[in-house]
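There are 2 protein chains.
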Amino acid sequence: MEGHMAVDQERHARIVESLAVSPFDAVVCGSAPEVLLLTGYWPVMSASVAVFTSDGEVKVIVPEDEVELAEKTTEADIIPYKPAGLHALHPTIQSLRAPLIGLLRQLGTNHTKIGLQLEQGVGPASYAVSTQFRSSLPKLLSELHPGAEYIACDEMLESLKAVKTAKELEWMQKAALVAAAGFAPANGLIRAGLRESEVAAALQAAFESAQAAESVQRTSGYFFCMSGPNSAKAAAAYARTRQRVLEEGDLVMIHANTCADGYWTDITRTFTVGKPSERQVAMRAAIDEARHAGLRAIHPGVKAREVDQATRSVMRSHGFGDAFKHATGHGVGFAAANPNGLPRIHPLSPDVLEAGMTFNVEPAAYFDDYGGMRHCDLVAVTADGVDTLTKF
Amino acid sequence: MEGHMAVDQERHARIVESLAVSPFDAVVCGSAPEVLLLTGYWPVMSASVAVFTSDGEVKVIVPEDEVELAEKTTEADIIPYKPAGLHALHPTIQSLRAPLIGLLRQLGTNHTKIGLQLEQGVGPASYAVSTQFRSSLPKLLSELHPGAEYIACDEMLESLKAVKTAKELEWMQKAALVAAAGFAPANGLIRAGLRESEVAAALQAAFESAQAAESVQRTSGYFFCMSGPNSAKAAAAYARTRQRVLEEGDLVMIHANTCADGYWTDITRTFTVGKPSERQVAMRAAIDEARHAGLRAIHPGVKAREVDQATRSVMRSHGFGDAFKHATGHGVGFAAANPNGLPRIHPLSPDVLEAGMTFNVEPAAYFDDYGGMRHCDLVAVTADGVDTLTKF
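Chains as they are written, first to last, in the numbering used here: chain A, 1093 to 1484; chain B, 1093 to 1484.
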């Protein structure tokens, strides 16, 4: 394989380093976030396959109508393929056969241990539909290159994804900036009489028409609005906008998961309709204090669970220990929300913080039949502390 | 297993029928569209697993915070599980172990051939992130129930998904109705000076705040705007909104993929900024005529490729044969766009139309550096012809 370098040299070097101490001679990935990690390209239809060898060679097989996009963000060697069109009628995996044969031939007998994504993971929505290779990619590889051994490399990929490079941090900042445009009108907009769906739609529109998106090829994302008792349900693993009409005195939670060219955010702000009640003031005071305690605890070398303890003990001291029903955070970046994304800011987490890690800090209090309040920031660990990417 | 019936008796009967002539004693599915097919429930996080046996028993393992939603649409036996929370820190698949053990014990030795989704497929975006089991589900099943044989059942599922039941057709109609709300403002909105992203955002907002959504638990979807030369690029497998400013004389293509409780649409309309040019009038005349020819060709028993021939020959007769760069359509419903979704309305398609099939009819003409026009309807095959679900 001729020498091609991924555009992000820091990332390239880290992958080479990880491969050097791994059992893998190469990794082959067909999922969008991992193709982004290995090559810098975020596939639209999840129908691209990246190969990264221990020699530092990077190639990516891309459907021909995505080549124009791929060229803008990767310097990996792009191998275009023709997915089924008017000339043929077969599943995408069959179109990958020919380019994979060429690629595997180049790998040769020096690459006999190949890492694949085989374990359960979490994938972001890259488009309205996405290709899922399931067992077809491992099966095709075994058929084309039967001499090799195929081993799960999910753990290595998760570790690599956890710590962002300087360039990836720039992308995360851009993603947070684009998301901010969606939150900007919230304070002025939220009022009694509007339906949750109207609020969510207005913020979604502000996000989608944001000028900030000009430095980005593709943005996408979701804004949710949950009001009154519905905001208490936001303790669940998912958010859901309903048709409830906002009332005076409501807590109104705005939750967003947005994306800029493959880099995701996880952000929540909570508003009140009208003057906050004493109870709401008390909730906000606790959450603000917990948030600052969490942020202060963040340093390279610190155990992730200490950050959780920092926020949780504040919530507890305010009498909101039981109301804070979930972990303080989880890794965010190559996906918006992955409870097992590293680092896990969780009471039981064995993870240790490193500079470049990005995650959310989301102290919250939920009371069934009343409402919930959450403040969720996206942060990056720096050399000497923390950078809050969500500066609003 | 005690008797529980999926809410859609017609669907239940068809699955039992398909299993009876299949090699499978049961199917086990972890992907959202197939869980919807088997149980009537569309999982939020794709972390649910459905089991349907040849005896007609249906069970679905659901994360506890989705049970409230699941109960509204399925009468299958719901087995709740606790995904990792504050008490534990492990991947979802590990939480499935206990409920799966119980389920597999009930299956017993009578169910030794189990159908799994192993082939490449296309999955809709059910949420900002979704669980992907990859090889972990087959692996766990083999470990828990090693006596069974696990065989790909993807083909059977694709056939089942192709033909909708009366209840599923009602959902498809609802989905099309909700989507219509997003298209409604387009004609009045589109004008020179707006950016594509502003147009897309406004239509997205109209869609998301639609009152029509009240009869639906969850709607989601994407509106795209591609103008001028960008509209020619819509011949690709994906749409992309950019920051281009609309100009007088532009073709403006609005493409949407929307969803109502798991039932998807694929719809496109094309507008002109200002008075259409002679060329644009000629394109529209050809596409209208092709569309009607396609719709007229649709009847149960007809070969899907004859519908493609009907539209294609009209486009050719207008001199737009080469400009019509893709197939006339593909199955739509359990996903928005799957080039291999049945029936494939494609020149090489071996598929035969049946009443209840839903697909798109999308005659189009694309000219590089100028623009593209496409009219994409969502239709259902009826006993004696066709019903256009996109009545706008």
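Honestly, I wouldn't trust all of these hints.
Said to hold, decoys possible - With a straight-line cut-off of 20 Å between C-alpha atoms, the simulated EDC-like cross-links for lysine to aspartate or glutamate are:
no. : chain 1 : residue 1 : chain 2 : residue 2
1   : B       : 1164      : B       : 1247
2   : A       : 1231      : B       : 1247
3   : B       : 1231      : A       : 1414
4   : B       : 1325      : A       : 1163
5   : B       : 1174      : A       : 1339
6   : B       : 1325      : A       : 1156
7   : A       : 1325      : A       : 1339
8   : A       : 1325      : B       : 1102
9   : B       : 1205      : B       : 1241
10  : B       : 1259      : B       : 1157
11  : A       : 1325      : B       : 1241
Stated by the list, open to error - A few chain B positions that, by computed beta-carbon distances, are all more than 10 Å from chain A:
no. : residue
12  : 1101
13  : 1284
14  : 1287
15  : 1298
16  : 1328
17  : 1335
18  : 1388
19  : 1409
20  : 1417
Just so you know, these hints were derived from the structure itself, not from any lab. Where is the CB? At the ideal position from N, CA and C, for every residue including glycine.
Outcome of the hint check:
Taking the CA atoms of residue 1164(B) and residue 1247(B), the gap is about 29 Å. The hint is violated against a cut of 20 Å. Distance check on the hinted pair: residue 1231(A) and residue 1247(B) sit about 17 Å apart at the alpha-carbon level, within 20 Å; holds. Between residue 1231(B) and residue 1414(A) the CA atoms are separated by roughly 37 Å; this puts the pair beyond 20 Å, and the hint is violated. Proposed proximity of residue 1325(B) and residue 1163(A) is supported: the alpha carbons are some 16 Å apart, at most 20 Å.
Using a Cα cut-off of 20 Å, the hinted pair residue 1174(B) and residue 1339(A) is violated, with the two alpha carbons roughly 33 Å apart. Proximity of residue 1325(B) to residue 1156(A) is assessed by CA-CA distance (about 12 Å); at most 20 Å being required, the pair is judged to hold. Taking the CA atoms of residue 1325(A) and residue 1339(A), the gap is near 17 Å; set against the 20 Å cutoff, the hint holds. For the hint linking residue 1325(A) to residue 1102(B), the alpha-carbon distance of about 34 Å lies beyond 20 Å, and the restraint is violated.
Restraint check: the Cα-Cα separation between residue 1205(B) and residue 1241(B) comes to about 5 Å, which is no more than 20 Å; the hinted pair holds. For the hint pairing residue 1259(B) with residue 1157(B), the CA-to-CA distance comes to about 26 Å; that exceeds 20 Å, so the pair is violated. Between residue 1325(A) and residue 1241(B) the CA atoms are separated by roughly 41 Å; this puts the pair beyond 20 Å, and the hint is violated. With a closest Cβ-Cβ approach of about 28 Å to chain A, residue 1101(B) is found to remain outside the 10 Å limit, as its non-interface label requires.
Against the 10 Å criterion, residue 1284(B) stays outside the reach of chain A, whose nearest CB is about 17 Å from its own CB. Separation of residue 1287(B) from chain A is inadequate, the least Cβ-Cβ distance of about 7 Å not exceeding the 10 Å criterion. A cut-off of 10 Å between C-beta atoms contradicts the statement that residue 1298(B) is not in contact with chain A; the least separation is 8 Å. At the 10 Å boundary, the C-beta of residue 1328(B) falls inside the reach of chain A, the nearest C-beta of that chain being 4 Å off.
Listed as a non-interface residue, residue 1335(B) fails to keep its Cβ farther than 10 Å from every Cβ of chain A; the least gap is roughly 5 Å. With a closest Cβ-Cβ approach of about 22 Å to chain A, residue 1388(B) is found to remain outside the 10 Å limit, as its non-interface label requires. Non-interface call for residue 1409(B) relative to chain A: holds, since the shortest CB-CB distance, roughly 18 Å, exceeds 10 Å. With a closest Cβ-Cβ approach of about 7 Å to chain A, residue 1417(B) is found to fall inside the 10 Å limit, against its non-interface label.
When held up to the earlier numbered hints, the structure conflicts with 1, 3, 5, 8, 10, 11, 14, 15, 16, 17 and 20 and fits the remainder.
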